[in-house]
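From first to last, the protein sequence lines stand for chains A and B. Numbered by the working numbering, the letters in the first sequence go through residues 1 to 77 in order. Numbered by the working numbering, the letters in the second sequence go through residues 1 to 160 in order.
Keep in mind that the hints were calculated from the coordinates and are not lab data. Among these hints, one or two may not hold up.
What the hints assert, rightly or not - Mimicking BS3-like on lysine-lysine, the simulated pairs with C-alpha atoms at most 25 Å apart in a straight line are:
| # | chain 1 | residue 1 | chain 2 | residue 2 |
| --- | --- | --- | --- | --- |
| 1 | B | K7 | A | K75 |
| 2 | A | K28 | B | K92 |
| 3 | A | K45 | B | K53 |
Stated by the list, open to error - Derived DEER-like restraints, expressed as beta-carbon distance ranges:
| # | chain 1 | residue 1 | chain 2 | residue 2 | range |
| --- | --- | --- | --- | --- | --- |
| 4 | A | M1 | B | P72 | 43 to 53 Å |
| 5 | A | P76 | B | M83 | 50 to 60 Å |
| 6 | B | G128 | A | A50 | 40 to 50 Å |
| 7 | A | D5 | B | A68 | 41 to 51 Å |
| 8 | A | E3 | B | N75 | 53 to 63 Å |
| 9 | B | K54 | A | Q27 | 47 to 57 Å |
| 10 | B | M83 | A | M1 | 24 to 34 Å |
| 11 | A | K42 | B | M127 | 19 to 29 Å |
| 12 | A | S63 | B | M127 | 45 to 55 Å |
| 13 | B | N108 | A | M1 | 47 to 57 Å |
We treat Cβ as the ideally placed atom computed from N, Cα and C, and that holds for glycine.
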Amino acid sequence: MVEADEVLDCSGLVCPMPVLKSKQAMQKLAPGKVLKIISTDKGSKNDIPAWAKQMGFELLEMSEEDGKFIFYVKKPA
Amino acid sequence: MAEEKKKKKICIIVTKGTLDAAYPPLILASTAAGMDWEAHLFFTFYGLDIINKKKYKSLKVAPIANPAMPMPVPNIIGMLPGMTAMATMMMKNMMKKHNVPSIEELINICKEMGVKFYACQMTMDVMGCPESDLLPVVDACLGAAGFLDIASDADVTLFV
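Only chain A is shown next, with the shape it has when bound in the complex (with noise of 0.2 Å):
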């Protein structure tokens, strides 16, 4: 099991906000530790893995449950 150190909440939240939102997080994020991402945005499932490729963060974990979509994002050492 994965371990969160912080966890964004983009619930309700459509395109493009998650994606936006998950940066700013990573921003404040230190090097080395992971963002939990709750996404209810179908898109997401796509575009949140599609973000962490692009800015080189490593996707540790997705899964979905009751209409949420959830990530574990770690942010390179």
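Following the hints, complete the assembly by docking chain B onto the known chain A.
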């Protein structure tokens, strides 16, 4: 972010000033900036309305010749007075219901994220739009060569 690697770059030419056409470039540019790309928007012809102080809050959706309306409106009815306002209100309500940011909010978000805004100088002259009518988010007024120079090494270029 470290600067050792050149950032990816997107350049979008925005030529339309309807509410529905204003969304995609602003969403793409803000998202690109959110992925640490450089994003540049060039507003030309009717696209200039999106960065015009007097017009950007009242962009409209055209019900005429628009078969893609959620409730298709026959052109002859779309012509009636008030139909454009109604179609616009419908779309704004739909966007609000789904929590989509307004154009005004998106412009501010873009600016915060470092998206660059350019106005087409020729369009400004033709349409009689002085620089003082443009939103302060505009970085420069450029001609075609000026924008092409910026776009020449872009990774993604789009025309909306």
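The hints, checked one at a time:
no.	hint	in the structure
1	B/K7 x A/K75	holds, 18 Å
2	A/K28 x B/K92	violated, 33 Å
3	A/K45 x B/K53	violated, 36 Å
4	A/M1 x B/P72: 43 to 53 Å	holds, 50 Å
5	A/P76 x B/M83: 50 to 60 Å	holds, 54 Å
6	B/G128 x A/A50: 40 to 50 Å	holds, 42 Å
7	A/D5 x B/A68: 41 to 51 Å	holds, 45 Å
8	A/E3 x B/N75: 53 to 63 Å	holds, 59 Å
9	B/K54 x A/Q27: 47 to 57 Å	violated, 35 Å
10	B/M83 x A/M1: 24 to 34 Å	violated, 56 Å
11	A/K42 x B/M127: 19 to 29 Å	violated, 40 Å
12	A/S63 x B/M127: 45 to 55 Å	holds, 52 Å
13	B/N108 x A/M1: 47 to 57 Å	violated, 39 Å
Of the numbered hints given earlier, the model fails hints 2, 3, 9, 10, 11, 13; all others are met.
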